[in-house]
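Chains as they are written, first to last, in our numbering: chain P, 5 to 337; chain F, 5 to 337.
One copy or any two copies: either way a pair holds, since identical chains are not told apart in the list.
Here are the computed lysine-lysine pairs in the DSS-like style, where the Cα-Cα straight-line distance is at most 30 Å:
#1 Lys315 / Lys266
#2 Lys284 / Lys320
#3 Lys59 / Lys22
#4 Lys284 / Lys315
It should be emphasised that the hints constitute simulated quantities derived from the structure, not laboratory data.
2 protein chains.
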Amino acid sequence: MKQSKPIGERKIIEIIQKNLAPMPQVPIPFGDDVSAYEISKDKLAILKTDMLVDKTDVPPHMTHWQAARKAIVMNVSDFAAKGVKPLAILVSLGLPRNITAKDIEDIGKGLNAGAREYDTYVIGGDTGEASDTVISLSVFGIAENGRVMLRSGARPGDLVAVTGLFGKAPAGLKILLGEYEATGKTRETLVKSVLMPQARLKEGLALGHTKAVTASIDSSDGLAWSLHEIARASNVGFLVESLPIAEEAREFAETNKVDLPKLVLHGGEEYELILTINPKLWNRAREAIGEIGGSLFAIGKVTAEKRILLKTPEGKRVIEPKGWEHFKSDPTR
Amino acid sequence: MKQSKPIGERKIIEIIQKNLAPMPQVPIPFGDDVSAYEISKDKLAILKTDMLVDKTDVPPHMTHWQAARKAIVMNVSDFAAKGVKPLAILVSLGLPRNITAKDIEDIGKGLNAGAREYDTYVIGGDTGEASDTVISLSVFGIAENGRVMLRSGARPGDLVAVTGLFGKAPAGLKILLGEYEATGKTRETLVKSVLMPQARLKEGLALGHTKAVTASIDSSDGLAWSLHEIARASNVGFLVESLPIAEEAREFAETNKVDLPKLVLHGGEEYELILTINPKLWNRAREAIGEIGGSLFAIGKVTAEKRILLKTPEGKRVIEPKGWEHFKSDPTR
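Using the sequences and the hints given, assemble the complete structure.
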């Protein structure tokens, strides 16, 4: 019996997890951005795997080089969110039969460029045939036990902050899909945010040393969805007092008559960090970010009430747990 | 320009590797069965990723449960060949849109069954959409520095041994593909060797403690191909004096008029270990294998002459570097 409606990602993970025997005393719970294995009393091995599939993760006009680099960014971003330095990367490649030597070379160069950008190396891997181009990476790092920034530590009263402004990547994607338009420098910035995403590794590592962060996640599934993930893991709610809107996204939304809060909240493919911060250590966090030349935008606070609300001139409204809709479902493709 | 002929796996790996900056002082060279990162002077993190794609790795009549378990076996087998215990596994799943909840459940159960069989756990992962069912695993373990059994240590005069007899899986595959026949207990054994492969983890771990092994590889690409891999990495040759032929394979070859040496040498999907052993420590290796209830079959010796030869009643003949031909290219599919 075929499903008429695809099973969602979260449901799939839930089914798989229900059938897995849990490892005793696992240091990081199933479902956080990374996994961990206790090497010694003090040290954790940090492990992460994430797969880029061209059909769903590679927008039109993205080159093989950019796609391979993006696969690295996707994985490094999760390490960034946990405050852990990626030390070594393995790649498992699924390639279609008709791929050219030039495309493979571009994939190799893109992987290397991404790895070196974050001061790490691709040290091994494997390849096989697939219908899609599949770049599955696994990343290894080492962390001090008890010092990884999890999703689960947010407490009412904590401040909520992000490392950058939102809306550029979803706008850029709409442009690449040919649905909407922008010109000049704005177009360039929006499109670049999709084709050349950046992981906030410097920011994550700097914050990891401050002990100011109580919970952290990367925003690759969208701002709204990621807030819901922290809320669920930490058993709290949020009041978002000001949306972190990128100027180019505002401009794009005005020109194209697109709902701006929706673009910012329910976009995706953005690799900022979303952090909850102990208010007593806010200055320490800001200083640490300042020292490495990064940004930290306060957007609201953690609440005991388990709802996720946005403050608007018309009063508070609920932020739905709607995430990133893969562009594969886009009718223009 | 499309390629008329697909680029081979080894060529793909060569192109990728050529474009990767090498990590300084990497403890295990690129291209061995696993990769490694030096955690401390004494300890290595051992890392492995390998991808199962239904289109090329899952024969007809293999269930989702069996395919997921096989993905574990494929990866554990490489750890076995290096004498390293797998400690934790991550899974990255690519799933087609129309997959059912029942299929996903079977994949979860199969992953868990495989992991528990080898005394390890699946501790995390991720999922996304793909055209094929893709099960990409990454495995983590810890080894003592300098104690991993590599491909590169074989020396002329060493004995060559395998942990089991060959030919069953390629015969079983031909049966599953509907090309050839067998009956009763023989059919059952041959088919089972494909659907329920076993990794020789106990054997690999036992041998790892003996220091008797000078080089080691798993035989998943076929006996001939794997011998060529060791020869290349160790800069030696082989004289195979007796082929390790499984009785059921012999029976199958006779009934179906199939070339038996070809079945045994150029099959594949067999997860035995191929080992070169210091002749002075041969008894120690045999005892270690005996203690865990395993087998060790001597099949020949390492030679300084860099050819790979098979002794036959008609004299020596060259064993070609022909490997496992993926059944996807089989005209019956």
